[in-house]
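Colleague: So the chains spell out like this:
Number of protein chains: 2
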Amino acid sequence: MKWTVWILVGLLMSDVVDVHANPDAGFPKSPEVHADGRVTFRIPARSAEKVVVWSGVFGRDGLALVKGERGVWEGTSEVLAAGIYDYTFDVDGTTTLDPHNREVKAWRRMASQFLVPGSPAKVWEVQDVGHGEVHLLRYASEVLGGAQREMRVYTPPGYAESGEKVYPVLYLLHGSGDDPSAWTLVGRGDVIADNLIAGGKAAPMVIVMPHGHAEMAEDDLANERNGGKWYSKNNTAFYADFFSEVVPRVEKRYRVRKDKSGRAVAGLSMGGGQALEIGLNHGGEFGAIGAFSSATPAGDEDAAVKVAKLGEGGVPELVWIGIGKGDFLFERNEFFHGWLGEKGVAHEYVVTEGGHEWGVWRDYLEVLLPKLFR
Amino acid sequence: MKWTVWILVGLLMSDVVDVHANPDAGFPKSPEVHADGRVTFRIPARSAEKVVVWSGVFGRDGLALVKGERGVWEGTSEVLAAGIYDYTFDVDGTTTLDPHNREVKAWRRMASQFLVPGSPAKVWEVQDVGHGEVHLLRYASEVLGGAQREMRVYTPPGYAESGEKVYPVLYLLHGSGDDPSAWTLVGRGDVIADNLIAGGKAAPMVIVMPHGHAEMAEDDLANERNGGKWYSKNNTAFYADFFSEVVPRVEKRYRVRKDKSGRAVAGLSMGGGQALEIGLNHGGEFGAIGAFSSATPAGDEDAAVKVAKLGEGGVPELVWIGIGKGDFLFERNEFFHGWLGEKGVAHEYVVTEGGHEWGVWRDYLEVLLPKLFR
Numbered sequence: 030m031k032w033t034v035w036i037l038v039g040l041l042m043s044d045v046v047d048v049h050a051n052p053d054a055g056f057p058k059s060p061e062v063h064a065d066g067r068v069t070f071r072i073p074a075r076s077a078e079k080v081v082v083w084s085g086v087f088g089r090d091g092l093a094l095v096k097g098e099r100g101v102w103e104g105t106s107e108v109l110a111a112g113i114y115d116y117t118f119d120v121d122g123t124t125t126l127d128p129h130n131r132e133v134k135a136w137r138r139m140a141s142q143f144l145v146p147g148s149p150a151k152v153w154e155v156q157d158v159g160h161g162e163v164h165l166l167r168y169a170s171e172v173l174g175g176a177q178r179e180m181r182v183y184t185p186p187g188y189a190e191s192g193e194k195v196y197p198v199l200y201l202l203h204g205s206g207d208d209p210s211a212w213t214l215v216g217r218g219d220v221i222a223d224n225l226i227a228g229g230k231a232a233p234m235v236i237v238m239p240h241g242h243a244e245m246a247e248d249d250l251a252n253e254r255n256g257g258k259w260y261s262k263n264n265t266a267f268y269a270d271f272f273s274e275v276v277p278r279v280e281k282r283y284r285v286r287k288d289k290s291g292r293a294v295a296g297l298s299m300g301g302g303q304a305l306e307i308g309l310n311h312g313g314e315f316g317a318i319g320a321f322s323s324a325t326p327a328g329d330e331d332a333a334v335k336v337a338k339l340g341e342g343g344v345p346e347l348v349w350i351g352i353g354k355g356d357f358l359f360e361r362n363e364f365f366h367g368w369l370g371e372k373g374v375a376h377e378y379v380v381t382e383g384g385h386e387w388g389v390w391r392d393y394l395e396v397l398l399p400k401l402f403r
Numbered sequence: 030m031k032w033t034v035w036i037l038v039g040l041l042m043s044d045v046v047d048v049h050a051n052p053d054a055g056f057p058k059s060p061e062v063h064a065d066g067r068v069t070f071r072i073p074a075r076s077a078e079k080v081v082v083w084s085g086v087f088g089r090d091g092l093a094l095v096k097g098e099r100g101v102w103e104g105t106s107e108v109l110a111a112g113i114y115d116y117t118f119d120v121d122g123t124t125t126l127d128p129h130n131r132e133v134k135a136w137r138r139m140a141s142q143f144l145v146p147g148s149p150a151k152v153w154e155v156q157d158v159g160h161g162e163v164h165l166l167r168y169a170s171e172v173l174g175g176a177q178r179e180m181r182v183y184t185p186p187g188y189a190e191s192g193e194k195v196y197p198v199l200y201l202l203h204g205s206g207d208d209p210s211a212w213t214l215v216g217r218g219d220v221i222a223d224n225l226i227a228g229g230k231a232a233p234m235v236i237v238m239p240h241g242h243a244e245m246a247e248d249d250l251a252n253e254r255n256g257g258k259w260y261s262k263n264n265t266a267f268y269a270d271f272f273s274e275v276v277p278r279v280e281k282r283y284r285v286r287k288d289k290s291g292r293a294v295a296g297l298s299m300g301g302g303q304a305l306e307i308g309l310n311h312g313g314e315f316g317a318i319g320a321f322s323s324a325t326p327a328g329d330e331d332a333a334v335k336v337a338k339l340g341e342g343g344v345p346e347l348v349w350i351g352i353g354k355g356d357f358l359f360e361r362n363e364f365f366h367g368w369l370g371e372k373g374v375a376h377e378y379v380v381t382e383g384g385h386e387w388g389v390w391r392d393y394l395e396v397l398l399p400k401l402f403r
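Line by line, the protein sequences are chains A and B. Here the working numbering runs 29 ahead of the position in the first sequence, where the first position is 1. Here the working numbering runs 29 ahead of the position in the second sequence, where the first position is 1.
In short, the hints are calculated from the structure, not lab data. These numbers come from a predicted model, not from an experiment. It is possible that part of the hints are untrue.
No distinction is drawn between identical chains; accordingly, a pair holds when it is met within one copy or between any pair of copies.
Claimed, not checked - Capping the alpha-carbon separation at 25 Å, the derived lysine to any residue pairs in SDA-like fashion look like this:
hint, residue 1, residue 2
1, K58, L173
2, K151, Y168
3, K289, E386
4, K262, G388
5, K194, R99
6, K230, A337
7, K335, E395
8, K58, V172
9, K58, A266
10, K79, A93
11, K281, E190
12, K151, Q177
13, K289, Q177
14, K287, G187
15, K289, E341
16, K151, E395
17, K79, E61
18, K281, E193
19, K96, Q142
Assemble the whole structure, with the sequences as input and the hints as a guide.
Modeller: Rendered as structure tokens:
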């Protein structure tokens, strides 16, 4: 079988750039998730003196690795609960991604990810059910000076074969460190929707994931020097893009409802604040809001400015606000919960365990989807 | 503007895991592509003694970085030609991805990527033209024991609005280190198609990117111990999935042609070998083959086995084979070129500069697409 051998040689030679340079060449398996829920991490670092895995689940000390054969550091965790975890390596004080793990969380501070499956399978695991599709759409935003932008759109199982059927639509917004891919690649919104729909727990719906950054700050330090004003400027530009470009394009391209009861908006962190502003300022157009760990308005004055059109045209039938006790935005959500109460806006306010993290947002999505379009 | 300040604090606090652990916390901009084509790289590595950027374009010595403020290493390249480059950092001998660059090439050996734009824009740059869509489809493969698999499908601009119009279809296969996302995320096949179609240089077509791995080797070392037999076993399983699952599902879901002249198959490396086997063994079903830097059969005996059905039902009208002079598969392609000649199979055999690399494959796709479905 000359052929197969050739290919193997090819594999080893095909990344010539590194081979000559990296004495640790090779493909260690990392992370290796064992059947019992322990996880083994490996990274080649021949000359390193200390290698640690940082992850929320390993606490303040991290998981220390031990140097083994051929300069490959290795270590195995205790049994971990079913979940999706992120981590980085610390090699002698330098933070790195796992160079052998394709599952990358492209947050502003990036991390590698791994998944410990549950038994039975968790709602964020791909299961043997009917699957929807995720579409990547690019467009030139006239209102943003012709900028090339993108959005992702989830269509539920059966959409393509459903003829003239019109579906309700959820606009699902990401956080300040994300891009439109975050809700699928990290949040697994498509997988969660598939499983809830298959179980009859959520209505088949279209989920639109637009790009919440319209004005990118040059960098965070520049933004800080500028008093953080980028966030306000960004939201204003995003709302223009959302209403002038995203919604009309979606309503042209997809069979989606345009009535209040058939439209919802939700988001996390920055996107939660955007969802509140969009939904509460356009109460006649959106029937539901989901605000996850949100950047809510931070005080009376701020709320008065940001939600100036509250009640004009109505209020969404459902305003669902979730916040973790450990979230740095907790006090702010407490304030806004009170403010909405004073204004007489009916809403569900849910305080949970957890902080400002994807595990919480996946849970919130699992809670929210069944409440929509019923 | 309390609100904006709060969000900023949020950003800084939102990745608490690392903040306490990493004295180099911060978000350096890396890579920074300057207007003149120079590129600056930055990585925090406070205690490191030597940091180098490895990339084909920097040659055997790489690009050495210099330690600057707050432990951030930095260095700037010479002016680089327009292109898409990949690189890794070498921190005291440890290979790492750029922890601040979201553009990750998820090859078996991973790398970070950056793009130096051209003037005028290159065919692989997103331009202000009509855009197609890229769809992610998941399915359970019966023929592979119910395995959950995925494919990506590009539909050309206007597809959704084109009523009953039926399009030609190209099946585009990835290499042994890739997954179905490689042809879009790294190869930018969707962008290349958009631009060629917009310029009238290629026919509007559907491009299907299935998963070429059906049997995953446990790891490469295990595969090596096994005499590399995984590759044969994998291809056999892949062909079963391709003909029993991928093609029927595509033909059910999309308006695509089913006649020989309306179907083509192409691929790179392992996928190029697969394209040759599929196309030459099913000459009555595929009108064109594109084989990029391919794992062609490696000798008479191998070819006789792998292309046993050559000529049954016909031969594709176009067999296009491209190989770089610097490719480790060059001799093998030379052999197969001769073998096809002996068998009287008309084909285009193109030898180019370059090795086994994405720059070459993007170029080949740009050459191939205009030849299809004309």
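Colleague: Now look at each hint and say whether the structure bears it out.
Modeller: Hints, one by one, checked against the model:
Taking identical chains as interchangeable, the C-alpha atoms of K58 and L173 lie at most 25 Å apart only when they sit on different chains, with a minimum of 24 Å there against 44 Å within one chain. Within a single copy, K151 and Y168 get their C-alpha atoms only as close as 35 Å, which misses the 25 Å cut-off; across copies the closest is 19 Å, which meets it. Neither within a single protomer nor between protomers do K289 and E386 lie at most 25 Å apart by alpha-carbon distance, with minima of 30 Å and 51 Å respectively. In the homo-oligomer, the alpha carbons of K262 and G388 never lie at most 25 Å apart, since the shortest distance is 29 Å inside one protomer and 38 Å across protomers.
Taking CA atoms no more than 25 Å apart as the test, K194 paired with R99 passes in neither setting, with 60 Å inside one copy and 58 Å between copies. In this assembly of identical chains, the alpha carbons of K230 and A337 never lie at most 25 Å apart, being 35 Å within a copy and 51 Å across copies at closest. For the identical chains of this complex, K335 and E395 are neighbours neither inside a copy (28 Å) nor across copies (49 Å), given an alpha-carbon limit of 25 Å. Taking the shortest alpha-carbon separations for K58 and V172, neither the intra-copy value of 47 Å nor the inter-copy value of 28 Å comes in at or below 25 Å.
In the homo-oligomer, the alpha carbons of K58 and A266 lie at most 25 Å apart only across protomers (24 Å), although the nearest pairing inside one protomer, at 44 Å, exceeds that limit. For a Cα distance limit of 25 Å, the shortest separation of K79 from A93 qualifies both inside one copy, at 8 Å, and across copies, at 23 Å. In the homo-oligomer, the alpha carbons of K281 and E190 lie at most 25 Å apart both inside one protomer (18 Å) and across protomers (9 Å), since each shortest distance falls under that limit. Proximity of K151 to Q177 under the C-alpha cut-off of 25 Å is restricted to the inter-copy arrangement: shortest distance 16 Å between copies versus 36 Å within a copy.
Proximity of K289 and Q177 under a CA criterion of 25 Å is satisfied in neither setting, with 29 Å inside one chain copy and 36 Å between copies. Taking identical chains as interchangeable, the C-alpha atoms of K287 and G187 lie at most 25 Å apart whether they share a chain (20 Å) or sit on different chains (23 Å). Taking the shortest alpha-carbon separations for K289 and E341, only the intra-copy value of 14 Å comes in at or below 25 Å, while the best inter-copy value is 60 Å. Taking the shortest alpha-carbon separations for K151 and E395, only the intra-copy value of 11 Å comes in at or below 25 Å, while the best inter-copy value is 43 Å.
In this homomeric assembly, K79 and E61 come within 25 Å of each other (Cα to Cα) only inside a single copy, at 21 Å, whereas the closest approach across copies is 30 Å. Taking identical chains as interchangeable, the C-alpha atoms of K281 and E193 lie at most 25 Å apart whether they share a chain (13 Å) or sit on different chains (18 Å). Proximity of K96 and Q142 under a CA criterion of 25 Å is satisfied intra-copy only: 22 Å inside one chain copy versus 29 Å between copies.
Of the numbered hints listed earlier, those contradicted by the structure are 3, 4, 5, 6, 7, 8 and 13.
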